[in-house]
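The listed protein sequences derive, respectively, from chains A and B. Our numbering applies: residue 1 is where the first sequence begins, and numbers increase by one. Our numbering applies: residue 1 is where the second sequence begins, and numbers increase by one.
Treat each hint with caution, since some may be false.
Claimed, not checked - Pairwise CB distance ranges, derived in the manner of DEER restraints:
| no. | chain 1 | residue 1 | chain 2 | residue 2 | range |
| --- | --- | --- | --- | --- | --- |
| 1 | A | G170 | B | T212 | 19 to 27 Å |
| 2 | A | E259 | B | A342 | 54 to 62 Å |
| 3 | B | E95 | A | F269 | 31 to 39 Å |
| 4 | A | A411 | B | T212 | 27 to 35 Å |
| 5 | B | R281 | A | E273 | 27 to 35 Å |
| 6 | A | G64 | B | D239 | 35 to 43 Å |
| 7 | A | D189 | B | G314 | 31 to 39 Å |
| 8 | B | A168 | A | E277 | 53 to 61 Å |
Stated by the list, open to error - Pulled from the structure, derived: some chain A residues nowhere near chain B, Cβ distances all over 10 Å:
| no. | residue |
| --- | --- |
| 9 | F21 |
| 10 | G64 |
| 11 | Y219 |
| 12 | R232 |
| 13 | A235 |
| 14 | L237 |
| 15 | E240 |
| 16 | G242 |
| 17 | R294 |
| 18 | S328 |
| 19 | P339 |
| 20 | E355 |
| 21 | E357 |
| 22 | P373 |
| 23 | I415 |
| 24 | P432 |
What the hints contain is simulated information worked out from the structure, not anything from laboratory work. This structure is a prediction, so every number in the text was calculated from the model and none was measured. By construction, the Cβ of each residue, glycine as well, lies at the ideal position given by its N, Cα and C atoms.
2 protein chains.
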Amino acid sequence: MTARYEQYLAEAAERQREALFDYLRIPSISTLPEHAPDIADAAEWVRGHLERIGLREVRLLETGGNPIVYGEWLDAGPDAPTLLLYGHYDVQPAEPLELWETPPFEPTLRDGRIYARGATDNKGPLFTYLAALETVLAVDGTLPCNVKLIVEGEEELRADHLDAFLAANGELLAADACVISDSALYARDVPSIALSLRGMAALQFRLETAATDLHSGMYGGVAPNALHAMARLLATLHDEDGRVAVPGFYDAVRPLPSEEIAEWVSLPFDEEELRVEIGARRLIGGGEHAALERMWARPTLDLHGVWGGFQGEGIKTVIPREAHAKLSCRLVADMEPEPVLALLEEHLRRHCPPEAELTIEWTLPGASPMTMPRDAPLVATARAALEQGYGREALFFRSGWSVPVAALVKARLGIDSLLLGFGLPTDGAHAPNEHFDVANLERGTRTMVAFFSSATRR
Amino acid sequence: MTARYEQYLAEAAERQREALFDYLRIPSISTLPEHAPDIADAAEWVRGHLERIGLREVRLLETGGNPIVYGEWLDAGPDAPTLLLYGHYDVQPAEPLELWETPPFEPTLRDGRIYARGATDNKGPLFTYLAALETVLAVDGTLPCNVKLIVEGEEELRADHLDAFLAANGELLAADACVISDSALYARDVPSIALSLRGMAALQFRLETAATDLHSGMYGGVAPNALHAMARLLATLHDEDGRVAVPGFYDAVRPLPSEEIAEWVSLPFDEEELRVEIGARRLIGGGEHAALERMWARPTLDLHGVWGGFQGEGIKTVIPREAHAKLSCRLVADMEPEPVLALLEEHLRRHCPPEAELTIEWTLPGASPMTMPRDAPLVATARAALEQGYGREALFFRSGWSVPVAALVKARLGIDSLLLGFGLPTDGAHAPNEHFDVANLERGTRTMVAFFSSATRR
Numbered sequence: 001m002t003a004r005y006e007q008y009l010a011e012a013a014e015r016q017r018e019a020l021f022d023y024l025r026i027p028s029i030s031t032l033p034e035h036a037p038d039i040a041d042a043a044e045w046v047r048g049h050l051e052r053i054g055l056r057e058v059r060l061l062e063t064g065g066n067p068i069v070y071g072e073w074l075d076a077g078p079d080a081p082t083l084l085l086y087g088h089y090d091v092q093p094a095e096p097l098e099l100w101e102t103p104p105f106e107p108t109l110r111d112g113r114i115y116a117r118g119a120t121d122n123k124g125p126l127f128t129y130l131a132a133l134e135t136v137l138a139v140d141g142t143l144p145c146n147v148k149l150i151v152e153g154e155e156e157l158r159a160d161h162l163d164a165f166l167a168a169n170g171e172l173l174a175a176d177a178c179v180i181s182d183s184a185l186y187a188r189d190v191p192s193i194a195l196s197l198r199g200m201a202a203l204q205f206r207l208e209t210a211a212t213d214l215h216s217g218m219y220g221g222v223a224p225n226a227l228h229a230m231a232r233l234l235a236t237l238h239d240e241d242g243r244v245a246v247p248g249f250y251d252a253v254r255p256l257p258s259e260e261i262a263e264w265v266s267l268p269f270d271e272e273e274l275r276v277e278i279g280a281r282r283l284i285g286g287g288e289h290a291a292l293e294r295m296w297a298r299p300t301l302d303l304h305g306v307w308g309g310f311q312g313e314g315i316k317t318v319i320p321r322e323a324h325a326k327l328s329c330r331l332v333a334d335m336e337p338e339p340v341l342a343l344l345e346e347h348l349r350r351h352c353p354p355e356a357e358l359t360i361e362w363t364l365p366g367a368s369p370m371t372m373p374r375d376a377p378l379v380a381t382a383r384a385a386l387e388q389g390y391g392r393e394a395l396f397f398r399s400g401w402s403v404p405v406a407a408l409v410k411a412r413l414g415i416d417s418l419l420l421g422f423g424l425p426t427d428g429a430h431a432p433n434e435h436f437d438v439a440n441l442e443r444g445t446r447t448m449v450a451f452f453s454s455a456t457r458r
Numbered sequence: 001m002t003a004r005y006e007q008y009l010a011e012a013a014e015r016q017r018e019a020l021f022d023y024l025r026i027p028s029i030s031t032l033p034e035h036a037p038d039i040a041d042a043a044e045w046v047r048g049h050l051e052r053i054g055l056r057e058v059r060l061l062e063t064g065g066n067p068i069v070y071g072e073w074l075d076a077g078p079d080a081p082t083l084l085l086y087g088h089y090d091v092q093p094a095e096p097l098e099l100w101e102t103p104p105f106e107p108t109l110r111d112g113r114i115y116a117r118g119a120t121d122n123k124g125p126l127f128t129y130l131a132a133l134e135t136v137l138a139v140d141g142t143l144p145c146n147v148k149l150i151v152e153g154e155e156e157l158r159a160d161h162l163d164a165f166l167a168a169n170g171e172l173l174a175a176d177a178c179v180i181s182d183s184a185l186y187a188r189d190v191p192s193i194a195l196s197l198r199g200m201a202a203l204q205f206r207l208e209t210a211a212t213d214l215h216s217g218m219y220g221g222v223a224p225n226a227l228h229a230m231a232r233l234l235a236t237l238h239d240e241d242g243r244v245a246v247p248g249f250y251d252a253v254r255p256l257p258s259e260e261i262a263e264w265v266s267l268p269f270d271e272e273e274l275r276v277e278i279g280a281r282r283l284i285g286g287g288e289h290a291a292l293e294r295m296w297a298r299p300t301l302d303l304h305g306v307w308g309g310f311q312g313e314g315i316k317t318v319i320p321r322e323a324h325a326k327l328s329c330r331l332v333a334d335m336e337p338e339p340v341l342a343l344l345e346e347h348l349r350r351h352c353p354p355e356a357e358l359t360i361e362w363t364l365p366g367a368s369p370m371t372m373p374r375d376a377p378l379v380a381t382a383r384a385a386l387e388q389g390y391g392r393e394a395l396f397f398r399s400g401w402s403v404p405v406a407a408l409v410k411a412r413l414g415i416d417s418l419l420l421g422f423g424l425p426t427d428g429a430h431a432p433n434e435h436f437d438v439a440n441l442e443r444g445t446r447t448m449v450a451f452f453s454s455a456t457r458r
């Protein structure tokens with residue numbers, strides 16, 4: 001990074017932090033209707049800030065819900081890559097308030113961390129992008145890449161507006177790749193890039209075995225019990241080591257390059273520590289694939305809820321007529337949600353006990369998995385930028401999560417996403433005392449200065 | 001039945017029905033605290049009525065809860081049998097009120113039925129005992145048997161006071177057998193006696209697989225899932241035909257006399273009708289034992305509630321750390337609750353997946369099964385009385401239910417129970433528009449006149 005960037009950042013540091021604190025003071029909680037004015041304030045704050053740092057065509061775009069703030073810099077021309085930058089200005093509710101050491105919307109610097117709701121999810125990480133754009137534009141008067149920035153206001157809401165917005169604005173948003181600030185490093189002091197995300201597909205079904213709940217004194221011994229049928233059916237979904245037992249489930253999984261798995265030894269990870277951390281007697285799914293591979297690059301099927309019959313205190317001797325189950329799969333590689341859902345439904349129908357009627361109550365083909373090729377030029381640019389920002393070798397990892405926007409831009413705009421965020425898994429996103437390390441704010445900003453000033457290859 | 005009884009019943013009919021209607025007007029709902037004054041009114045009404053019909057030592061006995069009304073007639077002497085008669089004066093709540101065609105506490109005669117909350121459970125059937133005692137005492141001036149009548153006020157409440165009361169009053173309540181008015185005929189126009197009741201044992205357990213719920217994006221593939229463990233464990237409880245797969249579960253079951261099973265062809269019953277009535281695709285547990293035998297004389301294990309994880313709308317991609325299940329067994333013949341619970345716990349522990357920790361949250365050794373020998377003299381007396389009351393052959397059947405008082409008097413007083421009630425399974429006990437057939441009120445009263453006037457053998 002050139003001395004001129006360093007000098008600008010040093011001079012701007014206090015002002016930029018003040019700006020971030022102003023942004024963090026806005027309680028832009030999208031899930032609570034009474035905060036609608038704060039949502040508007042946050043959108044306006046972002047709009048104003050994009051103008052202040054010199055982006056063009058800055059405006060609020062209607063979505064049918066909370067507006068998306070848009071800004072661009074397209075002077076790099078058609079030979080330079082165009083990057084679609086993503087962040088969100090809405091935050092989670094702060095409850096339970098009594099667990100916060102300092103008020104969630106009074107950002108506080110303490111022990112090298114900025115404590116505030118939204119500090120890490122996603123106001124702080126997004127701010128590294130804004131501070132870096134400001135720096136490069138101020139120092140160089142331009143960027144070597146084209147950028148289009150969208151900052152949405154419904155990430156915590158999981159509304160469908162972003163999907164429709166992307167579908168309707170393909171031309172405006174056309175880009176070579178998406179760069180997502182709403183992601184995290186592997187761990188503190190580990191500059192790192194997640195090369196893939198798992199996809200997701202979910203469904204809920206019910207089993208019915210009779211017209212009404214029946215009394216077990218009267219009908220016990222002849223009446224089918226929906227809970228018995230449910231147990232029998234669910235028990236067919238996994239083998240005893242926790243591997244998915246649905247035929248064909250693993251067919252589209254590709255083995256990872258062995259050199260990538262070999263690199264993972266550089267990552268701080270210990271399987272036994274993980275087991276102790278989550279309080280488990282044993283980890284499941286073991287055997288051929290190591291824990292990191294199972295969490296990042298293998299598909300899963302997890303039950304999220306099962307219920308039926310009487311759940312109150314004591315006993316009610318009912319033979320329940322119906323039972324329900326919710327489940328989802330994490331998808332990897334070439335797996336797509338719709339065929340996986342079809343496979344699952346076929347398995348459920350085949351193994352449904354004959355006394356039960358199976359109804360798929362809903363399906364949710366949530367997201368396709370996404371993989372960023374490790375040899376993509378943009379990945380190399382990001383890796384070099386991280387090494388500049390953090391002063392040490394950057395590592396590749398993968399993520400087991402599904403990031404909805406990555407799936408949406410893949411589906412609607414046909415582009416992959418680079419996950420370049422600076423939060424930590426331990427920052428307390430969605431929890432009390434959410435925070436963002438000042439070190440990650442500073443290093444992240446330097447990383448993004450290096451990235452924006454060198455992103456000349458697609 | 002002698003002409004003098006007939007004449008008395010004819011002359012008393014209108015007055016007796018008025019008395020029953022007065023009794024039915026009292027909303028003696030034991031489960032709702034605001035009805036405490038009505039509970040007191042009902043106890044007082046029964047007390048007064050026992051005095052009016054000529055019982056002795058009539059009084060309210062304290063239980064720690066609602067009082068038990070007591071009355072006796074012990075002039076028959078030590079060679080005559082002593083019968084402990086049982087009924088209850090409390091009723092279920094009447095909600096939902098809008099489903100009643102006439103108000104629940106304004107007894108209404110319609111289409112040969114008396115509609116009121118408590119009409120069949122248990123005010124009407126108990127009243128047949130009271131009307132019969134009044135008749136025999138009025139006509140003969142005495143009874144050929146000794147009777148001790150207890151009418152409790154907490155049957156719908158399932159409190160423990162009756163148990164303690166029986167345990168503390170063994171001498172006062174000493175008897176050769178209990179006669180329970182709180183039971184039903186096999187069907188309309190089928191005078192019948194249930195020779196056995198199933199017992200009951202219940203438990204609730206939980207499985208735990210981690211210290212907290214975990215996110216399936218982060219930990220899916222390595223974290224054990226309590227719902228998967230629960231499904232695997234519950235699936236070991238039954239075979240695919242619904243028979244209990246716990247080793248030793250059926251060991252204490254005795255085969256029924258083949259002549260008894262042969263008699264059941266006289267009972268109106270059709271397996272296919274039952275299947276259609278309950279809306280089942282098929283009945284379970286088939287094979288060696290016919291449906292009536294499975295409902296009456298075979299033990300069962302039914303899950304009553306299973307739950308864990310997220311049950312709200314939509315999806316929450318959690319890996320649940322715990323799951324819960326409630327179940328109970330119906331017991332027959334020589335099965336006792338405690339050993340059955342021990343057998344169950346052993347099975348659960350043996351089959352609990354290694355990633356889960358099993359905790360038995362509670363057990364409820366609810367009731368021993370009870371069988372009345374079909375050749376007992378009291379059974380013969382009751383059968384003959386039923387034939388007099390109904391003018392047709394009386395049949396034996398069995399009941400799959402557990403009647404708590406029968407188990408309690410067996411445990412505390414060491415006596416078996418004769419189930420001699422006149423309600424019908426279709427009377428709507430606990431439901432809106434509960435009713436009691438006038439025909440069963442009249443025939444039941446005649447049956448009990450015949451019974452009390454001829455119960456001279458133990």
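So, going through the hints one by one against the coordinates:
Separation of G170(A) from T212(B) is about 42 Å and departs from the stated range, judged on CB atoms against 19 to 27 Å. A C-beta distance of roughly 57 Å is found between E259(A) and A342(B), which places it inside the suggested range of 54 to 62 Å. Checked against the hint of 31 to 39 Å, the C-beta distance between E95(B) and F269(A) comes to roughly 58 Å, which is inconsistent with it. At about 33 Å, the CB distance of A411(A) to T212(B) agrees with the hint of 27 to 35 Å.
With their beta carbons about 50 Å apart, R281(B) and E273(A) fall outside the hinted range of 27 to 35 Å. As the Cβ distance of G64(A) to D239(B) is approximately 54 Å, the hint placing it in 35 to 43 Å is violated. Checking the proposed 31 to 39 Å range against D189(A) and G314(B) shows it holds: the Cβ atoms sit about 37 Å from each other. Our hint of 53 to 61 Å for A168(B) and E277(A) holds, since their Cβ atoms are close to 55 Å apart.
Under the 10 Å C-beta cut-off, the non-interface status given to F21(A) relative to chain B holds; the minimum distance is some 30 Å. The claim that G64(A) is not at the interface with chain B holds, since no C-beta of that chain comes within 10 Å of its own (minimum 20 Å). Not every beta carbon of chain B lies more than 10 Å from that of Y219(A), the smallest distance being close to 7 Å; the non-interface claim is violated. Once the 10 Å rule is applied to beta carbons, R232(A) is inconsistent with being away from chain B; the minimum gap is 5 Å.
The Cβ of A235(A) does not lie farther than 10 Å from every Cβ of chain B; its closest approach is about 4 Å, which violates its non-interface assignment. Interface exclusion of L237(A) from chain B breaks down, the closest Cβ pair being 7 Å apart, not more than 10 Å. Here E240(A) does not stay apart from chain B, with its beta-carbon only about 7 Å from theirs, under the 10 Å limit. For G242(A), the shortest C-beta to C-beta distance to chain B comes to about 7 Å, within the 10 Å cut-off, and the non-interface label is violated.
Against chain B, the non-interface label of R294(A) is violated: not every CB pair exceeds 10 Å, the least being about 4 Å. Separation of S328(A) from chain B is inadequate, the least Cβ-Cβ distance of about 6 Å not exceeding the 10 Å criterion. Every CB of chain B is more than 10 Å from the CB of P339(A) (nearest about 19 Å), matching its label as outside the interface. E355(A), annotated as away from the interface, has a beta carbon of chain B within 10 Å; the closest lies near 5 Å.
Its beta-carbon lying about 7 Å from the closest one in chain B, E357(A) breaks the requirement of being farther than 10 Å from that chain. A cut-off of 10 Å between C-beta atoms confirms that P373(A) is not in contact with chain B; the least separation is 22 Å. Residue-level check passed: I415(A) sits 22 Å from the nearest beta carbon of chain B, beyond 10 Å. P432(A), annotated as away from the interface, keeps every beta carbon of chain B farther than 10 Å; the closest lies near 15 Å.
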